[in-house]
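Peer 1: In case you want the letters, here they are:
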Amino acid sequence: MTIVFAGNPNCGKTTLFNAYTGASLKVANWPGVTVEKKEGTYTCKGQQHTLVDLPGIYSLSSYTIEERLSRQFLLSEEADGIVDVADASCLSRSLYLTLQLIESGRPVVLALNMMDLLKKRGQRLDVERLSRLLGVPVVPVCARRREGIYALMEKTLWAIAAGQRPAAAFSRMEEKERFAWIEAVVAACLTGRRREGFTDRVDAVLLHPVWGSGIFLIIMTAVFFLTFSLGDLAKLPLEVGVDQLCTAARQGLDAIHTVPWLTSLITDGILSGVGSILTFLPNIILLFFALSLLEDSGYMARVAYIMDGIMGSLGLSGRAFLPMLLGLGCTVPAVMASRTLETRRDRLRVTLITPFMSCSARLPVYILLAGAFFGKYAPLAALSMYGVGLLTAVVVARCTKNLGGKETQAPLLLELPDYKAPAPRTVILYVWEKIRDYLTRAGTTIFLASILLWTLLHVGPGGFVVSMEDSFAAWIGKRIAPLLVPCGLGIWQIAVALIAGVAAKEVVVSSLAVLLGITNISSAAGMGALRASLGVWGFGPANAYALMVFVLLYIPCAAALATIRSETKSRLWTAGAAALQMAAAWILSALTYRLGSLFL
Amino acid sequence: MRMKERLSDCRAGEDFTVWGIRLEESLGHRLLALGIVPGCRIRVLFKKRAGTMVIRCRGARYALGAEAAKGIVGGKTI
Numbered sequence: 000m001t002i003v004f005a006g007n008p009n010c011g012k013t014t015l016f017n018a019y020t021g022a023s024l025k026v027a028n029w030p031g032v033t034v035e036k037k038e039g040t041y042t043c044k045g046q047q048h049t050l051v052d053l054p055g056i057y058s059l060s061s062y063t064i065e066e067r068l069s070r071q072f073l074l075s076e077e078a079d080g081i082v083d084v085a086d087a088s089c090l091s092r093s094l095y096l097t098l099q100l101i102e103s104g105r106p107v108v109l110a111l112n113m114m115d116l117l118k119k120r121g122q123r124l125d126v127e128r129l130s131r132l133l134g135v136p137v138v139p140v141c142a143r144r145r146e147g148i149y150a151l152m153e154k155t156l157w158a159i160a161a162g163q164r165p166a167a168a169f170s171r172m173e174e175k176e177r178f179a180w181i182e183a184v185v186a187a188c189l190t191g192r193r194r195e196g197f198t199d200r201v202d203a204v205l206l207h208p209v210w211g212s213g214i215f216l217i218i219m220t221a222v223f224f225l226t227f228s229l230g231d232l233a234k235l236p237l238e239v240g241v242d243q244l245c246t247a248a249r250q251g252l253d254a255i256h257t258v259p260w261l262t263s264l265i266t267d268g269i270l271s272g273v274g275s276i277l278t279f280l281p282n283i284i285l286l287f288f289a290l291s292l293l294e295d296s297g298y299m300a301r302v303a304y305i306m307d308g309i310m311g312s313l314g315l316s317g318r319a320f321l322p323m324l325l326g327l328g329c330t331v332p333a334v335m336a337s338r339t340l341e342t343r344r345d346r347l348r349v350t351l352i353t354p355f356m357s358c359s360a361r362l363p364v365y366i367l368l369a370g371a372f373f374g375k376y377a378p379l380a381a382l383s384m385y386g387v388g389l390l391t392a393v394v395v396a397r398c399t400k401n402l403g404g405k406e407t408q409a410p411l412l413l414e415l416p417d418y419k420a421p422a423p424r425t426v427i428l429y430v431w432e433k434i435r436d437y438l439t440r441a442g443t444t445i446f447l448a449s450i451l452l453w454t455l456l457h458v459g460p461g462g463f464v465v466s467m468e469d470s471f472a473a474w475i476g477k478r479i480a481p482l483l484v485p486c487g488l489g490i491w492q493i494a495v496a497l498i499a500g501v502a503a504k505e506v507v508v509s510s511l512a513v514l515l516g517i518t519n520i521s522s523a524a525g526m527g528a529l530r531a532s533l534g535v536w537g538f539g540p541a542n543a544y545a546l547m548v549f550v551l552l553y554i555p556c557a558a559a560l561a562t563i564r565s566e567t568k569s570r571l572w573t574a575g576a577a578a579l580q581m582a583a584a585w586i587l588s589a590l591t592y593r594l595g596s597l598f599l
Numbered sequence: 000m001r002m003k004e005r006l007s008d009c010r011a012g013e014d015f016t017v018w019g020i021r022l023e024e025s026l027g028h029r030l031l032a033l034g035i036v037p038g039c040r041i042r043v044l045f046k047k048r049a050g051t052m053v054i055r056c057r058g059a060r061y062a063l064g065a066e067a068a069k070g071i072v073g074g075k076t077i
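If you read the protein sequences in the order shown, they are chains A and B. Just so we're aligned: 67 in numbering that gives the first Met the number 0 is position 68 of the first sequence, and the numbers increase by one with no gaps anywhere. Just so we're aligned: 43 in numbering that gives the first Met the number 0 is position 44 of the second sequence, and the numbers increase by one with no gaps anywhere.
Careful: at least some of the hints might be erroneous.
As the list claims (entries may be wrong) - Partial selection, computed: residues in chain A whose CB lies under 8 Å from chain B:
#	residue
1	Y57
2	S58
3	Y62
4	F178
5	D199
6	D202
7	P208
8	T266
9	D307
10	G308
11	S316
12	L411
Hint data in this document are derived by calculation from the structure and do not stem from the laboratory. Beta carbons are placed, not taken as given, at the ideal position from N, Cα and C, and that holds for glycine.
The whole structure should be built from the sequences, with the hints applied where relevant.
Peer 2: Right, dumping it as structure tokens:
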């Protein structure tokens, strides 16, 4: 059997799907988290069933991408039964889709989620009566606490087996009558007056016409400030650990008389490269922890309202800011989130500007360079990168405002969910997922990049080289470096690190460690060594800042490019976006270098 | 009967009854799916100077752009 979960955005479909299948798909408290159809399996009484999670929709018409995809699947032969998940706390809105689903003729079971919220508001719902009036089974569930999910599946399988095709009493009604009918049904089943509460009082502060945007700015500054300052404290023990590991490895390899080149590969190549990345884990954890609180509390969707004015002047709706905000974590899901925008023109433009939002992979670069060159102003220097990124995105959006014709922008229309305390399970899963990604990258991309780089550094046209200056890496770097002179980055090692960084931006850090032969580069001693070895070429704070700007803006990582390609379905657009990013990086880093040289 | 007004003329805290939607088709359909149809009541919860507002309709809360609010006509409810 194939059972499909359908329902309004943010009603808990994915939470329910996760509860059945044991999957850990991302859930959060804003509409539009799920943008792709996902499948899983659930075994009930020895029988395996396929469960399908769809993006949220408000109706079965086909005016948005999500609606079209969901409609296609729901009306296909593949779907045996539909679980219509509805948010009990706004029932009358949810029932509109329910009626359409019932009309589709497939067995439908209505799962009423968030009944606890209803109770908290002092209301009561007569489930039996609702079921009788609608003509389909109704099951109250609490997806978050996994209550009622067994009963729901039983009812669904029963409905499918019964082949029940309920007669639709409302199929000939006009839209207006339909809503009147729904209101009558809800009035008959729902008792108690709704108590207005918490969310409106919080919104009165957070959405204030004057302070609202200021509060948002303060929240984001606090997020990054904590990421840098708290993260720095937490990273000390890791630095000691990496240090001890390197020393132990060196001693161990010497003790068993390993050939020098292998010792060098393991310690100077792999351990320096991978180790340098591992020490940034606390910063990454803190950043994603903070972002998950923003997403799961309900604040995320409000940012669209707060930013609507500014985005409007760029020819985009406030909703386009949500992908950009997600971009602070990782560009890949952020570009995918652009799918929820209404017009293709908006989607294309958002894929163009989202990569300028500084993702977590760029964090290690800032922490390292700012830490090494800006002393006690390091957090400020790192923080300023987010401003530079945002400003660049704004300028690019402004310049592309009239691109693709004068198609009018779709105005903002976005549901704002109730605030709720972030669920510990959701937060932990989200952060854990990110830790796993990060460690996986350290173990794969960065591991391989470090080995490759070490090899290129120690091998030249004539075999093993004594001086790195004769290696292949130097040869490549020296070809590129002249192009980077105006940016204050005309050093072949930096050119090589930047090329390697296309694999993943953290690789810039691990490559610098390998290129300059610095073990434990993120420790105080490592940063000192970095300053000293780059200082030989006259590389000072102005150069460091220009490098940070360059890494912020230049071509996004391979994974992000692949996502832009698959979302826009255009090679030309992807190539254009990459070229634009390179140009922006070159121009702005040259500019900051010139300006910086005057002051620093 | 009171004079015809637009939702965009409402201030925060005011109630509004929808008489008609004067918007392009796809946006009109999106509003329809949310139950924002003639006859429904809307409360303006918050409003920014630029006209973007937060409204409540049928128990749910939405952020609504100024351009959309201009296309929703009806009358203020007192």
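Peer 1: Each hint: holds or not?
Peer 2: The hints, checked one at a time:
no.: 1; hint: Y57; in the structure: 4 Å, holds
no.: 2; hint: S58; in the structure: 4 Å, holds
no.: 3; hint: Y62; in the structure: 5 Å, holds
no.: 4; hint: F178; in the structure: 5 Å, holds
no.: 5; hint: D199; in the structure: 7 Å, holds
no.: 6; hint: D202; in the structure: 7 Å, holds
no.: 7; hint: P208; in the structure: 5 Å, holds
no.: 8; hint: T266; in the structure: 55 Å, violated
no.: 9; hint: D307; in the structure: 4 Å, holds
no.: 10; hint: G308; in the structure: 4 Å, holds
no.: 11; hint: S316; in the structure: 6 Å, holds
no.: 12; hint: L411; in the structure: 4 Å, holds
Hint violations for this structure: number 8 only, all remaining hints satisfied.
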